[in-house]
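Asks: Residue numbers (this note's numbering), protein chains in the order written: chain L, 1 to 289; chain C, 1001 to 1289.
Rather than coming from a laboratory, the hints here were simulated on the basis of the structure.
Think of the CB as a built atom: it goes at the ideal place given N, C-alpha and C, for glycine as much as any other residue.
With a Cα cut of at most 20 Å, we get these calculated EDC-like pairs of lysine to aspartate or glutamate: (1) C/Lys1026 x C/Glu1286; (2) L/Lys114 x L/Glu79; (3) C/Lys1114 x L/Glu141; (4) L/Lys114 x C/Glu1141.
Covered stretches of chain L, as calculated for chain C (at least 3 residues, CB under 8 Å): (5) 125–134; (6) 137–149; (7) 163–172; (8) 193–199.
Computed beta-carbon distance windows for the label pairs: (9) L/Pro121 x C/Ile1050: 32 to 38 Å; (10) C/Tyr1158 x L/Lys80: 45 to 51 Å; (11) C/Lys1080 x L/Gln30: 40 to 46 Å; (12) C/Arg1065 x L/Gly164: 45 to 51 Å.
There are 2 protein chains.
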Amino acid sequence: MVLKCYIFPMSARILDGKSLAESIEKDLKQVVVSLSHKPKLVIVQVGNNIESDIYIGYKKRFAERVGVDCIHERYTEDEKEEKIIDDIVRYGNDTSVTGIMVQLPLPQNFNTRKILDTIPPAKDVDGLTSHSLTQLLYGGEAFLPAVAHAVFEILENYNISIFGKKVVVVGKSELVGKPIALKCMNMEATVSVCHSNTINLAQETQTADILIVGAGSLGLVGREGVRTGQVVIDIGTNPVSSGPVGRRVAGDVRFEEVLDIVSDITPVPGGVGPVTVACLFKNLLEGLS
Amino acid sequence: MVLKCYIFPMSARILDGKSLAESIEKDLKQVVVSLSHKPKLVIVQVGNNIESDIYIGYKKRFAERVGVDCIHERYTEDEKEEKIIDDIVRYGNDTSVTGIMVQLPLPQNFNTRKILDTIPPAKDVDGLTSHSLTQLLYGGEAFLPAVAHAVFEILENYNISIFGKKVVVVGKSELVGKPIALKCMNMEATVSVCHSNTINLAQETQTADILIVGAGSLGLVGREGVRTGQVVIDIGTNPVSSGPVGRRVAGDVRFEEVLDIVSDITPVPGGVGPVTVACLFKNLLEGLS
Chain L
1 MVLKCYIFPM
11 SARILDGKSL
21 AESIEKDLKQ
31 VVVSLSHKPK
41 LVIVQVGNNI
51 ESDIYIGYKK
61 RFAERVGVDC
71 IHERYTEDEK
81 EEKIIDDIVR
91 YGNDTSVTGI
101 MVQLPLPQNF
111 NTRKILDTIP
121 PAKDVDGLTS
131 HSLTQLLYGG
141 EAFLPAVAHA
151 VFEILENYNI
161 SIFGKKVVVV
171 GKSELVGKPI
181 ALKCMNMEAT
191 VSVCHSNTIN
201 LAQETQTADI
211 LIVGAGSLGL
221 VGREGVRTGQ
231 VVIDIGTNPV
241 SSGPVGRRVA
251 GDVRFEEVLD
261 IVSDITPVPG
271 GVGPVTVACL
281 FKNLLEGLS
Chain C
1001 MVLKCYIFPM
1011 SARILDGKSL
1021 AESIEKDLKQ
1031 VVVSLSHKPK
1041 LVIVQVGNNI
1051 ESDIYIGYKK
1061 RFAERVGVDC
1071 IHERYTEDEK
1081 EEKIIDDIVR
1091 YGNDTSVTGI
1101 MVQLPLPQNF
1111 NTRKILDTIP
1121 PAKDVDGLTS
1131 HSLTQLLYGG
1141 EAFLPAVAHA
1151 VFEILENYNI
1161 SIFGKKVVVV
1171 GKSELVGKPI
1181 ALKCMNMEAT
1191 VSVCHSNTIN
1201 LAQETQTADI
1211 LIVGAGSLGL
1221 VGREGVRTGQ
1231 VVIDIGTNPV
1241 SSGPVGRRVA
1251 GDVRFEEVLD
1261 IVSDITPVPG
1271 GVGPVTVACL
1281 FKNLLEGLS
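With these hints in hand, go ahead and build the complete structure from the sequences.
Replies: What follows is the structure, given as C-alpha cells:
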C-alpha cells in the first residue's frame, strides 16, 4: 500500500477579540440588570486629543449598551489642575460613582501622576494609580490597566496557560509593556522585554512561547521573528491611510506573513482592541454582582 | 620559526564591592563634614527578626562612621499599627529628619504597604514607597531600593554599560528582581526575568551579557549557566554553616566554578552586600551637598 502524504500550509487559529468582547458585553448586561442601582463611570478628559475622543466614544457607546451611566467631564487645556483634582476627590467620595478614569495622555502642563493618584484605589478601574501599579510588583490584588487586562482575558478565554511559559513582550511602555511583563512574572512565566534598543529583536522573539507585541510600530514583527507553534498577541493599533471606508488601523505584526507559521494570533482590528474596552467595564462591575 | 601557544585558564575580574563601599564611605564623610546640620536617618523596626538586627547593625555602624545621626525606633510585635504610622508621620514632618526607612520584613499582622506609604517620597531613602516604585515603571526620578542601587553602582564604577545589553535577572522579588529588571529596561537593556518556574534556567542565563542573580538560592547558578565574557552580579547572601569564625554567607552563584569562564564577577561576601549599605546613605545624602 502506498501512503500519500499531502502537506497543506497550516493556518493559525484566530483569537477573535470581537466575539469575546461581545460575549463579555452580554455577561455585563446581565450583571447590570441584576443591580438595584445603575453603576456610574466618570471619564475625565483634558484638552482636544483626537485619539482620546475616539477611545472615549467607544467607551460611552459600550456604557450605553450595557446600561452603565457615564459622566464625561471634559476640561479645556487651560483648566486649573486643582479644579480637576477637586472634582476627582468629589467623585471619589460620591458613593453613587462606581469608577473613575482619566483618559491619557493629558496635556504636558498637567501632573499626570498627581491627578491619577487622586482616584481612590477601589474606583481605579483603569488600574493606573500608584497603588494599583505597585500591586503589580507585589503580586497583590488590584485593577489591571485595561490593555493588559485584555491580553490576559484573551489568553484565558482560549485556555492558553502562562505558567512556566516563555513570554516575550515587545515594548516597554508604562501603560502596556511593563504592566504586562510584571503580571506575566506574577503568573510564573519567564519573561523577556524587548524594545527599540534590542540588538537582535528576531532572535529574542523567536524564543517565545507567547509573543506579545505592543511597541506601537506598524508591522515591526514579521516572518523573521516568529516560529512554529507560537501564540502571538498583537496590541498595536497603528493608523494607516484612511480610505473611503474611514479610519483604518493595523497591528505591530505582519499578520498575513506569520499566519501560516504561528499557532494562534490576534488580528488587528478585532483582537485586543475591542476586549480592552470590555475589560474596563469588567473592572467597573467587578464585585458588584 | 615555531610559535608556541600556551593557553592559561583566564580568571575573571573581581568586582570588589568592599573597596567600592569604602570609597563611597570616604566621599560621604566629606559630604557630611561640609554640611551645617548633621543628617538624620530614622530606622523603624518591628519585632525580633535576627537578620533585621544584623542589617540594622551594619547601618548604624556605617552611620556612625560617616557622621549621620541614627534614630532606631524599635517596636514590639504587639505594637499598634496606628502608633507606628503616627510616628512615621511625625518624622515625615520633622525638618531635622533627612530620611526614614522601615526594616523589612514586618511581622505578618502589619500592613507593610500602608506603613511604607506613610513615608514622604522625599525621605524614602530605601525606595520602597508606592510613589518610588511607580517611578520605576515611568522611568521617573525616585530613590531606588538599596540592593538595586548597589547593583547599578557597581556596574557604573567598573564602566560596564547597560544600554542595549542583554540582561538576565534571576529572581523576581518585589524588593530585588523586579526593581532591577525595571531599572534595566529604563536604561535600554533587553531584559529577561527568570525564577524557580523557569523551565530551562541555564539556557536563559547563557543568553546574558550581564547576569544578575538574586534568587536567594545557594549555588543556584554554576558552570552550566554561564558563558565566556559575561558580567555576573551575585546578590545572594545565603547563610552557610557557622564555623569558629562566626556567621558565613555564600552567594547564588558557584563562584569558583565560573571564575575561569566569565569576564567579571562580584564575590560573596564582599560584593553587592557592602555597597547596599553604602547606597542607602548615598540616597540619604543625595541633594544635601
